[in-house]
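*Asks:* Residue-level listing of the chains:
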Amino acid sequence: MVIDAIRTAQELDSTITFRRSCAQGVCGSDGVNMNGQNGLACITPVSKVVTANRLEVRPLPGLPVIKDLIVDMKPFYDQYEKIKPFLDNDEEIKTGHERLQSPEDREKLDGLYECILCACCSTSCPSFWWNPEKFVGPAALLQAYRFIADTRDKQKRMRLKKLNDAFSVYRCHGIMNCTSVCPKGLNPSKAINEIKKELRKTG
Amino acid sequence: MTKKLKLSLYRFDPAKDKRPYMSDYEIPIAHQET
Numbered sequence: 382m383v384i385d386a387i388r389t390a391q392e393l394d395s396t397i398t399f400r401r402s403c404a405q406g407v408c409g410s411d412g413v414n415m416n417g418q419n420g421l422a423c424i425t426p427v428s429k430v431v432t433a434n435r436l437e438v439r440p441l442p443g444l445p446v447i448k449d450l451i452v453d454m455k456p457f458y459d460q461y462e463k464i465k466p467f468l469d470n471d472e473e474i475k476t477g478h479e480r481l482q483s484p485e486d487r488e489k490l491d492g493l494y495e496c497i498l499c500a501c502c503s504t505s506c507p508s509f510w511w512n513p514e515k516f517v518g519p520a521a522l523l524q525a526y527r528f529i530a531d532t533r534d535k536q537k538r539m540r541l542k543k544l545n546d547a548f549s550v551y552r553c554h555g556i557m558n559c560t561s562v563c564p565k566g567l568n569p570s571k572a573i574n575e576i577k578k579e580l581r582k583t584g
Numbered sequence: 018m019t020k021k022l023k024l025s026l027y028r029f030d031p032a033k034d035k036r037p038y039m040s041d042y043e044i045p046i047a048h049q050e051t
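Going down the list, the sequences are from chains A and B. In case it helps, the numbering used here puts the first sequence at residues 382 to 584. In case it helps, the numbering used here puts the second sequence at residues 18 to 51.
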């Protein structure tokens, strides 16, 4: 894997700095740009990204560099915070201790909740590079739709209202870089289109 | 069989570097990784 190559380089030069934790594609810490393509270094085989026996590893584009391959994730987390990534429901629970949901409604969340916030998608998006403070970005929009689509959440209208401006969602022009780089195989582009559909319905 | 990968890493330490640069390393990797 690419992470092994970076670690071997670090044995040669201990000043090389990079972020890693689980090393198995779960924590999302080691997102980097490998020969021009974003991905997780721990689950990307060298053979998948190497060209003519050369591999260039850069930090995720579009975020400020703290040191070497480590970027400042704050602009990314700021957008995530904006979409209120939690279930919002003030209604009293009528039975038991849980808000129940039909298996069919639960199924609608598949492909949305699995995001590990590695930022590979948002940092592959030119709209996020140019407008990181105004365009919410694919990762946060995927999570926005995860709660818009959740039948247990009672703030759908408010969530959509907050996204209904020229930048938050509509800066996405559907180039699908986000979908092609997602290491978890998710489809933020589709979720963004679903949000656009909902916005058209509500006016 | 071991091959050498030419690994080029982006380096930048704001405490001492004026601008970013690329640093090259030759990394031995297993044949199946290339």
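Any given hint could be a false lead.
[Said to hold, decoys possible] In silico BS3-like pairs for lysine-lysine, Cα to Cα no more than 25 Å straight-line:
1. Lys565/A to Lys429/A
2. Lys448/A to Lys489/A
3. Lys448/A to Lys577/A
4. Lys489/A to Lys429/A
5. Lys543/A to Lys463/A
6. Lys23/B to Lys455/A
7. Lys578/A to Lys448/A
8. Lys448/A to Lys20/B
9. Lys535/A to Lys565/A
10. Lys429/A to Lys33/B
11. Lys35/B to Lys448/A
12. Lys489/A to Lys535/A
13. Lys515/A to Lys577/A
14. Lys515/A to Lys429/A
15. Lys35/B to Lys429/A
16. Lys429/A to Lys455/A
17. Lys489/A to Lys475/A
18. Lys455/A to Lys582/A
19. Lys455/A to Lys21/B
20. Lys429/A to Lys23/B
21. Lys537/A to Lys465/A
22. Lys571/A to Lys448/A
23. Lys23/B to Lys448/A
24. Lys455/A to Lys565/A
[To be verified] Ranges of calculated distance between the beta carbons of each label pair, as one might list FRET restraints:
25. Tyr551/A to Pro37/B: 31 to 41 Å
26. Lys465/A to Pro45/B: 46 to 56 Å
27. Asn434/A to Asp34/B: 20 to 30 Å
28. Ser428/A to Pro37/B: 26 to 36 Å
29. Thr19/B to Thr396/A: 40 to 50 Å
30. Lys489/A to Pro45/B: 45 to 55 Å
31. Lys489/A to Tyr38/B: 44 to 54 Å
32. Lys33/B to Lys578/A: 48 to 58 Å
33. Lys542/A to Thr19/B: 29 to 39 Å
34. Lys33/B to Glu392/A: 31 to 41 Å
35. Thr19/B to Asp546/A: 48 to 58 Å
36. Pro45/B to Val407/A: 55 to 65 Å
37. Lys489/A to Ala47/B: 19 to 29 Å
It is worth saying that the hints were derived from the structure and are not from the lab. C-beta: ideal position from N, C-alpha, C; glycine also.
*Asks:* Are lysine 489/A and alanine 47/B spaced within 19 to 29 Å by their CB atoms?
*Replies:* 43 Å, violated
*Asks:* Could you see if the CB distance from lysine 33/B to lysine 578/A stays within 48 to 58 Å?
*Replies:* Between lysine 33/B and lysine 578/A, where Cβ atoms are some 51 Å apart, the hint holds.
*Asks:* Taking the Cβ atom of tyrosine 551/A and the Cβ atom of proline 37/B, is their distance within the range 31 to 41 Å?
*Replies:* 33 Å, holds
*Asks:* Taking 55 to 65 Å as the hint, is the beta-carbon distance of proline 45/B and valine 407/A inside that range?
*Replies:* 28 Å Cβ-Cβ, so the 55 to 65 Å window is violated.
*Asks:* Using the Cβ atoms, figure out if serine 428/A sits within 26 to 36 Å of proline 37/B.
*Replies:* 27 Å, holds
*Asks:* Given the proposed pairing of lysine 489/A with lysine 475/A, does the C-alpha separation stay at or below 25 Å?
*Replies:* 23 Å, holds
*Asks:* Should the hint that lysine 489/A and proline 45/B are 45 to 55 Å apart at their CB atoms be regarded as holding?
*Replies:* 48 Å, holds
*Asks:* Using the beta carbons of lysine 33/B and glutamate 392/A, state whether their distance is inside 31 to 41 Å or not.
*Replies:* 22 Å, violated
*Asks:* Verify the proposed pairing of lysine 515/A with lysine 577/A, using a straight-line Cα cut of 25 Å.
*Replies:* Satisfied, since the Cα-Cα distance of roughly 16 Å is no more than 25 Å.
*Asks:* With the threshold set at 25 Å, check whether the alpha-carbon distance from lysine 448/A to lysine 489/A stays at or below it.
*Replies:* Measuring from Cα to Cα gives roughly 40 Å; hence the hint is violated.
*Asks:* Taking only the CA atoms, is the gap from lysine 537/A to lysine 465/A under or equal to 25 Å?
*Replies:* 11 Å, holds
*Asks:* Hint check: lysine 429/A vs lysine 23/B, CA-CA at most 25 Å. Holds or violated?
*Replies:* Holds, at about 15 Å.
The structure is inconsistent with the numbered hints 2, 3, 4, 6, 7, 8, 9, 10, 14, 15, 16, 18, 19, 22, 29, 33, 34, 36 and 37, although it conforms to all the rest.
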